[in-house]
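Undergrad: Residue strings, one per chain:
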Amino acid sequence: MSALIQSQANETFVLNLGPQHPATHGVLRVKLTMDGEYIVEAEPVLGYIHRMHEKMGENRTWAQFLPNTGRMDYLHALAFNHGYVALVERAAGITVPERAEYLRVITTELNRVSSHLLWFGAFILDLGGFSPLLYAFDDREHILDLLESVTGSRLTYCYFRFGGVYNDIDDNFVPGARAFIKRLRERMPMYHNLVTKNIILMKRLQEVGPISAEMCRKYGATGPVCRGSGINFDVRKHEPYSIYPEMDFEVPVYEQGDSMARYMVRMDEIEQSLRIVEQALDKLPEGPVMAEKVPKILKPPKGDYYHAVETARGSFGVRAVSDGGNIPYRLKLRSPTFSNLSLFGEACRGMLLPDALALMGSLDLVIPEIDR
Amino acid sequence: MSDYLKEIISGTWSLFVGLGITIRYFFQPVVTVQYPHQTLPMTPRFRGHTELVPDPESGGPLCIVCGMCEKACPSNCITVRGEKREGVKGKVLTEYTLDFTRCSLCGLCVESCPVTPTKAITFSRDYNLAGVSKEAYIFDLKKRLEAENR
Ligand code: SF4
Ligand code: SF4
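The listed protein sequences derive, respectively, from chains D and W.
With the first letter of the first sequence counted as 1, position 333 gets the number 963 in the numbering used here; the numbers rise by one all the way through.
With the first letter of the second sequence counted as 1, position 49 gets the number 138 in the numbering used here; the numbers rise by one all the way through.
Incorrect hints may appear among the rest.
Which stretches of chain W does chain D cover? Using the computed rule of at least three CB atoms under 8 Å from a CB of chain D, they are [unchecked claim]:
1) 111-122
2) 191-197
A few chain D residues that face chain W, going by a derived Cβ cut-off under 7 Å, partial list only [unchecked claim]:
3) Ser-761
4) Glu-778
5) Gly-782
6) Thr-826
7) Ile-829
Since the hints were made in silico from the structure, they are not lab data.
Note that this is a predicted model, so its numbers are computed, not measured.
The C-beta atom is built at its ideal place from N, Cα and C for all residues, glycine as well.
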């Protein structure tokens, strides 16, 4: 909150939130027009870490874009990997072996849990509680270890390949994942006792930052943001891909639309993701993890393709136009947080600044994905 | 009024419940690893920067200088040079430079290497990377391999 520009005429002033501010998790700048402690107008200013991913995609071969996908949403990199490889597989007509699809879902869901845990910690940190972050990171570390043993990296994964996955799991993975599911299930009541039922948290989230279903539709908000406003939409259920149709899970939906509803959606999603992982581990078939005969130089036929996946923050869509060459003609990335952030300006009008920060935290912003 | 009182009581109680949890965890063993005094074993799949794989017999590089890894790399961080030598089939590797400042550890180079049964490049287990200049991260992998052989 650096510059204070006093405007004499209507007694409002401009307050810069960010671009480097602990509450904005990255280089997001919000220009707030304030009337005392109340927000009159909020305008997110983007572009500080724009890396032109779309343009990069149009300058390299289909396979060479793979590492980029993990660097947009660094917290749920595997879902972004998944969206892109599924798109190219759809375009090039590659069938993926079943085992590979299962591994994709298992790792993506574990990654979703780790993303939600990090959000949980960071969100409570925004609200002024430090210790829950440490508990969340303790659990998250177990997921990172598991994923590292499979993918080789801890954060910006690049694990999926056109036609399968990079390598098969080792013998320790399945018991490790099962042990983790058990561990986190045992820890969830602790999180609820420590945080969810805490009176201070309830007072700070309940009825704070209401977002109506109407507003979600207007701005195209997806993911926990729209599910916290009573819209039952989850790409995994409504435009099923991969092996999600075979999985038995629920989509948590809360009607209230306040920050607490979004908080609860994510906490419930952790449990649902664990369910998916558990089922996928039970059903995990044997077999190859890579399709045979994936051409080394991939040239998808001419056409316009789209594929959407559900990431921890909402629907991530990739649209690619191929002119039949080995480089995409056009690559368009639809990232969920961009839409989720765009409603912030309208949603926080008339709110107190600390409440607006609670609202912003509940949107779960990942800036590199907005500024892709 | 009674709701108000109830809320005060249950609210205060919720704070004590939270404190109880933190106190219980306070007496449990520490979960953090005291790096650098303690280190964790690296998983076999860990992707460090790439390194050349030596031929088990001669100790020289397995690389046949086909240039596939150079082409596959999205960030153009590999430079492979080789030359024809008399009496040797194929090319002999003279230079393999990895510009680690731009490497994204994606693994596309290792995947693209056509040498069988062992690929000519692999990931190292090196994670203790520290340096004071950019040049320190432009690795001469051939030298590295030779140094290892010595
Ligand atoms: S790991 Fe990826 S970025 Fe690094 S050298 Fe290999 S291909 Fe290039
Ligand atoms: S792909 Fe393998 S053999 Fe070819 S230049 Fe690279 S390391 Fe050498």
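Undergrad: Look at each hint and say if it fits the structure.
TA: These are the hints, each one checked on the structure:
Against chain D, the segment 111-122 of chain W contributes 3 residues with a C-beta closer than 8 Å to a partner C-beta. That satisfies the three-residue criterion, and the hint holds. Look at the segment 191-197 of chain W against chain D: 5 of its residues bring a Cβ nearer than 8 Å to a Cβ of that chain, three or more, so the hint holds. The interface hint given for D:Ser-761 holds, since its Cβ lies 6 Å from the closest Cβ of chain W, which is under the 7 Å cut-off. About 6 Å separates the beta-carbon of D:Glu-778 from the nearest beta-carbon of chain W, less than 7 Å, and the hint is met.
Interface hint at D:Gly-782: satisfied, since its Cβ lies 4 Å from the closest Cβ of chain W, which is below the 7 Å cut-off. Interface restraint check: D:Thr-826 against chain W, minimum CB-CB distance 9 Å, threshold 7 Å, status violated. For D:Ile-829, the shortest C-beta to C-beta distance to chain W is roughly 3 Å, which falls under 7 Å, so the interface hint holds.
Of the hints listed earlier, the one the structure fails to meet is number 6.
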